[in-house]
Amino acid sequence: MDSVIHAQQISFHRHGERVFVPTNVALMPGQLCLIRGQNGSGKTTLLRLLAGIVHPSEGTIARHGSVAFIGHRPGVKKDLTALDVLKFYAEFAGADPLYGAMSPQAALHAAGLARQARQRAGQLSAGQRQRLGLARLLVAPKTIWLLDEPYTSLDADGCAWVDGLLDQHLALNGSVAVAAHVYQPKLNAPTDVLDVQPGAQHA
Amino acid sequence: MTKRHPLRALLRQDLQRAWQHGGQSLLPLIFLFAVIAMIPLGLGPGPNLLAMIAPGMIWVAALLASLLALEGVFRPDLDDGTLEQWWVDDQPVLALICIRLGSHWLISALPIIVATPIAGEMLYLPAEALGLLMLTLLIGTPILSLIGALAAALTIQARQGSALLGLLIFPLTVPVLIFATGAVSAHLDGLTARPYVLLLISLFVLAATLVPLAIKKALQLNLE
Amino acid sequence: MWKRLKLAFHKLGSPPIFYRFAQTLIPWLWSLTGVGLAVGLYQALYVVPPDYQQGDSYRILYVHVPAAWQAMATYLIMAILAIIALVWRIRTAEIMAMVAAPIGAGFTLICLVTGAIWGEPMWGTWWAWDARLTSMLILLFIYLGIMGLYAAFDDHRQGAKMASVLVLVGVVNIPIIHFSVDWWTTLHQGSTINLFGPSSMDPTMLPPLIWMTVAVKFMFAAMLLQRARNELLAQDQRKQWTKRLIGDLIE
Amino acid sequence: MIPEFSYANYVWSSYAIAMAVVLWQALGPMFKHRRLLWQLREDQLLEADQGNTAKSNHTREHA
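Residue numbers (our numbering), protein chains in the order written: chain U, 1 to 203; chain Y, 1 to 224; chain F, 1 to 251; chain P, 1 to 63.
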């Protein structure tokens, strides 16, 4: 089977210096790629490159499949209700027909936020907001999930819920790239590890 | 709901949020009236003088009012991580920018245009100039929104961005101000306002084609 | 040819090479400026006869006009550098575009002040909303805006990129501003006395203008390289090449 | 030596102001360059010094 993301020797230059050492990424269907590295090693930048938010300064990226990206900041408008946030994403991002999309209500339920549906996102706790951000993956499912520190501010239950989401997605032949530096996902599926090295000085 | 409608979704969300903010969305309008009310207090209530300067004053007040809402055009989206979603999964970025500009104009500028008759009445604006003044506002305020949004996109991460906004915007909006008020005074002098209105329209076309590209570039630089 | 040009371009893009290049060029540029100014000023103040209409006050033209030309030319150069900076991401172009703004603002200021001084004996007022003076005033604000935007970023390179976008927007806008202001003054003043126009210049009055204009061009180049050299040094304090440079100076 | 212009005040003051702006634009960066080099040199000497003392402390501890 062909890879859904194929990146060759990509890197990004900030201030004329490489953020990380040029890296190859080959993400296969049904595969999880765990991106590791110290703080500031460029995990976030690598994920943003893979998502297409920034363009690589060197190397090439080919994507085959729809992409969902959940960054540091989960992309939740604080003045909207939890339900409205998900309704917006269902319409804004749409669902890949390969996967069954949940209704916003069902997704809230799955994320354990059924009782917070009418609350403004600004009133939710950080962990709840993180769950809400991740629930986007259910209302607007995509083939490739790019998740930047999805376990941030989640409790043990939340981490297990995310692990479940990932397992389910991988079982459907979806692909996931996760940057995580504390919690390690506990999954059934094969996990590939990619270590990001901070960039050396670029002469 | 499998098909995506990013433009519709964004427009709906923007309008919904403006509606929820209620009074806050009307701040530019309130500010406009505050400025209008200051003018007779500063210049004296003489109807002749006020009538003469009314078109220009309403335009300057509209320009100042348009500054107020700019903080909210892109900055909150960058801060909460929704802006980067515009670049994920081949979304039509340029069209999204245009939608955002459109909703911004609807929320901040349209109320001002609708309220112009009242402002005109307060400054003894000659009745025959009102229609033309509203027309120039209708064509000109979108240009202000475009230039303002560009300045906002450039200053998102700047220190004291809001203080800079005015300095960046005013020189660029000089032609709009000149042609718009020129149209009205030509009309009041019994001349044709046509060339001014046509120039204003071509300014709008030029701005509408070029500025969104510059905004896209500026936002992209912010995401790097 | 093209390839060699491109190579030279990239070489100049390297900070230490650019620094040394500027270092050797600056004294030459200042000397040429000095020669040009000496000849130009001598001709402007001693050689050319007084104008039969304006008396001697027209001599202000020899600073006013070269400054005005340079104020506009600087913007054009800045715009070209901004394009190079945004498209090819060459850092020295970025820096030169940014340091061009204060220089352009300086020439604009000279143009405005000398214009105002000229206006006093001619119009009887220091400031008139004359089309050219007004456009220059707006140009000054644009320069200040670019400088302000660049200075408002802690990250110089981010600031330079943002300001470069603004420079390019200005390049489209400046002719429109000029045109609109022209229209505006004819609308509001009927016909102004055309003071600054090159309407009927006696050929004997021309040589000093040429000398001064050329001198100002060299002056601009010298100032640009001077400021760019400083900016490069300040930004690269922690880089190897500056350390080596300082090391050479210590010995 | 100085020519007797009509409007002499206007002519001389505009030349003087132009000269002042030019001098300010030319000399400012020149001084800044000197200051920068001086400052960088000082930083570097300080750094080298620190390196030396650190080394000598180290040897002392060993002794």
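Derived by calculation from the structure, the hints in this document are not laboratory data. Heads up, a few of these hints could be off.
Stated by the list, open to error - List time: in silico DSS-like cross-link candidates among lysine-lysine, alpha-carbon distance up to 25 Å:
| no. | chain 1 | residue 1 | chain 2 | residue 2 |
| --- | --- | --- | --- | --- |
| 1 | F | Lys243 | F | Lys11 |
| 2 | F | Lys239 | F | Lys11 |
| 3 | P | Lys32 | F | Lys239 |
| 4 | Y | Lys3 | U | Lys186 |
| 5 | P | Lys32 | F | Lys243 |
| 6 | F | Lys6 | P | Lys32 |
| 7 | Y | Lys217 | U | Lys77 |
| 8 | U | Lys77 | Y | Lys3 |
For each hint, the structure was consulted:
no.	hint	in the structure
1	F:Lys243 to F:Lys11	20 Å, holds
2	F:Lys239 to F:Lys11	18 Å, holds
3	P:Lys32 to F:Lys239	19 Å, holds
4	Y:Lys3 to U:Lys186	33 Å, violated
5	P:Lys32 to F:Lys243	18 Å, holds
6	F:Lys6 to P:Lys32	32 Å, violated
7	Y:Lys217 to U:Lys77	24 Å, holds
8	U:Lys77 to Y:Lys3	22 Å, holds
Of the numbered hints given earlier, the model fails hints 4 and 6; all others are met.
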